[in-house]
Structures are given as structure tokens and as C-alpha cells.
Amino acid sequence: MSTTEHAAAGFSDNVEETALPLLKGERTWGRWELLVVLAVAAAATWCYVIGEYVGYYLDLKMGTAAMTAGSMIGMLLVTVAVVPIATKFGIDSIKGSIPQFGNRGWIITVALQYISIIGWNSILLIFFAKSVRQLMATLGFVSADGGQWLVPVSTLIACGVVFLVLREGSRGIERVSKVLFFVIVGLGLWMIWELLTQAGAQIAAAKPAYAADSRLWNYTTGIEIGIVSLLSWWPYIGAMVRVGSSAHKATLPSMLGMGFPVPVLSIIGLAAILALQTSDPSAWLVQLGGPVYGVIALLFVIAANFGTAVIGVYASSLGVKQVPGISEMSWQKTVLVSVIPVAIVGAVIPDLFFNSFGSFLALIGVFFAPLCAIQITDYFILRGKKVSITAVYDDSHKSAYAYWGGVNVAAILAMAAGFVTYWYLLNPLSYVSHWPYQYLTASLPTALVGAVVYYLATRILVQPSGKGGYGGT
Amino acid sequence: MTTYTKEAEERELERRLAILEDPNNQGEDFGTVDWVWLFVLGVAFPAVLLIWGWF
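Protein sequence lines correspond, in order, to chains A and B. Each residue of the first sequence is one higher than the one before, counting from 1 in my numbering. Each residue of the second sequence is one higher than the one before, counting from 1 in my numbering.
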């Protein structure tokens with residue numbers, strides 16, 4: 001390893017591997033590049049699991065409508081919260097949250113990002129590893145219940161490949177994404193076609209297995225699953241759109257590239273669970289077309305999950321790169337910090353973790369609804385779109401974003417209020433709900449409560465104390 | 001592999017911050033057309049879908 005003092009030009013070559021803000025000339029991704037990268041990030045096999053959950057409550061038509069509508073609403077919240085500040089200064093989601101959480105309080109958002117992305121990546125790579133084992137069993141290389149060792153081994157190999165790709169920083173992502181995009185879109189459309197043509201009648205006649213008596217409650221729950229799923233894009237999107245030069249260029253890629261593929265692919269999971277009682281394509285495609293279809297399904301799983309895992313580890317690495325102690329590490333070591341926990345989960349507790357997907361998804365969503373609302377309220381209403389990038393990078397007590405000991409009490413209060421609101425409206429573990437959940441969902445009132453509490457706390461506590469740089473930035 | 005010294009990175013950060021404090025060097029915010037797209041894709045489209053799905 002060589003330690004080199006780089007001139008300014010030298011930094012431009014590797015700047016995407018640092019937490020430095022990107023200058024306009026370095027933000028080279030246009031709409032197409034952003035669309036492709038965001039679509040590849042979004043299109044993964046978690047879509048099948050999301051579709052499966054909606055299929056527990058709704059039939060194909062209602063499920064498609066609820067899931068798609070919820071997803072686009074969730075994407076709207078994430079886009080409006082993250083895209084403006086990320087594209088204004090070329091910073092990721094974590095740096096973009098410093099004006100609201102403080103120059104120490106942002107560690108909360110790093111923790112949320114780190115945990116959520118490690119969780120998502122573990123789900124994806126375990127899903128991939130299970131598909132490998134499933135296919136090997138279908139092809140007769142291992143017995144139906146055998147070959148369990150393939151799961152940890154496949155997960156570890158996948159982690160190794162992700163690390164190798166990310167040694168190049170975001171350039172590796174762009175290159176991989178361009179290849180994967182066409183594989184994912186092409187195979188995804190083919191899978192929808194196969195499902196509808198071969199099992200269309202079963203899908204049309206299928207009834208959801210766990211539907212409640214109330215049609216409205218089922219419908220709202222479908223919307224809620226869509227919203228919460230897309231709120232989980234908060235940790236991912238900043239690291240991607242910061243390479244775009246403006247919010248204008250990132251708007252459609254964000255809404256269409258990251259928002260729309262999830263419900264479209266989730267329809268596959270929804271239809272499959274309704275008709276064939278399984279959302280795993282490496283299982284149901286074999287039912288429809290035999291081992292050859294199983295191989296194609298595995299190719300799809302590899303392409304979809306690999307692209308998302310690469311982007312997730314990249315975003316997570318950017319986030320933890322800002323943590324003292326890790327910030328001094330090389331980019332490669334930082335990537336390892338994000339990859340190793342995934343490898344451990346995949347190798348040691350794959351089944352336990354994979355079977356907890358529902359709880360994981362719901363709990364993550366609980367935090368990101370108020371988080372988005374806080375950012376939107378702060379940036380558009382309280383700050384009038386003015387943020388000091390110097391203060392964002394100033395970790396001293398003199399920073400405009402130092403608040404109280406580096407933490408903004410208003411953000412903590414708003415997060416707590418949002419958390420309690422969500423838990424009251426819909427218990428994410430048991431799915432027991434309370435009025436007016438069936439009319440409003442849980443995420444939207446949670447976001448509203450978070451926004452109102454943040455606004456009032458800022459007006460009453462923060463601004464009179466002269467903290468937060470309001471009006472002075 | 002290459003690493004940067006802390007001093008070099010701090011100098012580079014200062015240089016970048018000085019550039020980015022100038023609004024001319026910042027990315028543009030959402031424009032009117034963007035807000036229209038956000039409304040169409042994030043509000044109107046979901047509303048139409050939900051009505052279609054219910055009936």
C-alpha cells in the first residue's frame with residue numbers, strides 16, 4: 001500500500017470513494033445512467049417477497065393497484081427528502097441529514113443505513129444462495145433436502161464478488177449496472193408473460209390466504225406495504241443521485257427508475273403466491289417449465305440480487321466512511337466493513353435471518369417515514385432550500401449544525417413521535433391496527449406527525465436558541 | 001491500493017467547500033416541470049390506480 005498526497009486532480013480520479021462532496025464537473029451521470037443504476041438497485045428478489053406479502057391480503061387486481069400506488073407514494077417521499085440536497089452538493093443521504101440531526105446526531109442515520117443495508121443485502125445474497133441450492137436439487141446434483149452447505153458457501157462467494165466489483169468505486173457500479181439492466185428487464189418481462197399465459201386462470205380465480213373481513217383494511221395494508229418498502233430506499237438513493245448534476249435530472253430517474261420497477265416485479269411475486277403458493281421463481285418456474293426454466297430463474301436471481309447488493313454495499317460504505325475511525329481506512333477496507341457482516345449473517349444464520357424478513361421490513365419502514373418528513377419540512381419550509389455545505393462538513397461545536405452537543409433535539413423528538421404514532425396505528429410485528437389506520441395507512445400519518453413535531457420543536461426550541469443556522473445560511 | 005493523508009483530504013475538502021458555497025456551482029433544485037412530474041407520478045397516478053383497483 002502506498003500513502004500518497006494527491007493533488008486536487010488526483011482526488012478527482014477517486015473522489016467517489018470518499019465522503020467528499022462532488023463538484024459539478026464530477027457529477028457526470030445523466031438521466032439514462034441514473035435511470036439504469038437506480039432501476040438495477042431497485043430490481044431485486046425482495047420484490048417477490050413484497051408481492052407475496054400483498055398476496056396474503058389482496059387478489060391480483062387490487063394487489064397490483066395498492067402495491068403500485070403505495071410504492072409511488074413512498075418513492076415520492078424519499079425523492080423529495082433526499083434528491084434536492086444530494087444533487088445540490090454532490091453528497092449522500094447521510095451527509096444530507098446533518099442539517100436536521102446535527103453534526104453528531106447524524107450517527108443515528110448512519111446506524112439506520114448500516115443496519116438496513118446489511119439486512120437487505122443479507123436477504124438478497126441468502127435468497128441467491130438458496131436459489132443455487134434449489135437449482136442444484138432440481139438438477140439432481142444434491143438431494144431434495146441436501147446440499148445445505150451450498151447456502152453459506154454461495155453467500156461467501158457472492159460477498160467476494162461484490163467486494164471485487166466495488167474496489168473500483170462507483171465506476172464498477174455503472175459498468176455492472178449497464179449489463180444487468182437488460183438482463184433484469186428482459187427476464188422480468190418474460191417471467192410475467194410465462195405466469196400470465198400458463199397460470200392466468202389460476203391467478204384470476206385465486207383468493208388471498210390471510211385476507212381480513214374488511215375489504216378496506218386489506219386494501220390499505222397493500223398500500224402500506226408498498227409505501228414502507230419504498231421508504232427503505234432512503235439509504236440507497238443519495239449515494240446514486242449525487243453523481244447526477246441536478247435535482248431536475250434526477251427526478252424522473254428516481255420516480256420511474258427506482259419507484260416503478262419494484263411494484264412491477266412485485267406483481268410476479270403477487271401472482272405466483274396467489275396461483276402457485278410460492279414467490280421464489282427458482283421454485284415456481286420449475287413447476288411451469290422444468291429445469292431449463294429453473295436455470296433461467298437462477299440467472300435472473302443472480303443478476304437482480306447481485307446488482308442491488310453491489311449498490312447497497314457501495315452506499316453503506318460511503319455512509320460508514322464518515323464515521324471516526326473508519327474515515328481513515330482505505331476504500332477497500334471500508335467496503336470490507338460493509339461486506340463482512342453480510343458474509344457472517346449469510347454463513348452463520350441464513351435461515352433465521354431470511355425467515356424474519358417481514359419484521360425486518362416493517363421495523364425499518366417505521367424509522368424512515370418520520371426521517372423523510374423531517375428532511376422535507378426542514379429543507380423546504382424551515383430553511384427555504386438554503387443549506388451551508390461548509391457547516392455540513394464542520395464537526396466542531398462552532399458549526400451551525402452543532403445544536404446541543406452535536407444533536408438536534410427537534411429531530412429526536414420528531415423521530416420518537418413518529419415511532420410511537422406508527423406503532424399505535426400498526427404494530428409492525430403483529431399487524432394489529434388501530435383507527436384511523438384503515439383510512440390513512442400508518443406511514444402517512446407517521447410522516448405528518450413527524451413533520452409537525454419537528455416544525456413546532458424547531459420554532460419553539462431551536463430557532464429561539466439561535467441554533468441550527470436558520471436564517472443565517 | 002492508495003490512501004490519502006488526512007491533511008491532503010482536509011485541504012481538498014476546503015477547496016471543494018469554497019467552490020460549492022457559490023450557488024452557481026451547486027446543482028439546481030426541482031423546477032416547475034419536476035414538481036409537475038412528482039405530482040403526476042407520486043399523487044395523481046396512485047390516486048387513479050387506487051380508484052381503478054377498488055371498483
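Fair warning: there could be bad hints in the mix.
To be verified - In silico BS3-like cross-links for lysine-lysine, where the CA-CA straight-line distance does not exceed 27 Å:
#, chain 1, residue 1, chain 2, residue 2
1, A, Lys24, A, Lys385
2, A, Lys385, B, Lys6
3, B, Lys6, A, Lys24
Claimed, not checked - Label pairs and their computed distance ranges (CB to CB):
#, chain 1, residue 1, chain 2, residue 2, range
4, A, Leu440, B, Phe55, 19 to 29 Å
5, B, Thr5, A, Asn427, 44 to 54 Å
6, A, Gly471, B, Arg15, 22 to 32 Å
7, A, Arg459, B, Arg15, 49 to 59 Å
8, A, Gly471, B, Phe39, 26 to 36 Å
What the hints contain is simulated information worked out from the structure, not anything from laboratory work. Here the structure is a predicted model, which means the values were calculated and not measured. Backbone N, C-alpha and C define an ideal beta-carbon position, used for all residues, glycine too.
The hints, checked one at a time:
no. : hint                              : verdict
1   : Lys24(A) to Lys385(A)             : holds, 18 Å
2   : Lys385(A) to Lys6(B)              : violated, 31 Å
3   : Lys6(B) to Lys24(A)               : holds, 24 Å
4   : Leu440(A) to Phe55(B): 19 to 29 Å : holds, 20 Å
5   : Thr5(B) to Asn427(A): 44 to 54 Å  : holds, 51 Å
6   : Gly471(A) to Arg15(B): 22 to 32 Å : holds, 28 Å
7   : Arg459(A) to Arg15(B): 49 to 59 Å : violated, 36 Å
8   : Gly471(A) to Phe39(B): 26 to 36 Å : holds, 29 Å
Going through the hint list in order, the structure does not satisfy hints 2 and 7.
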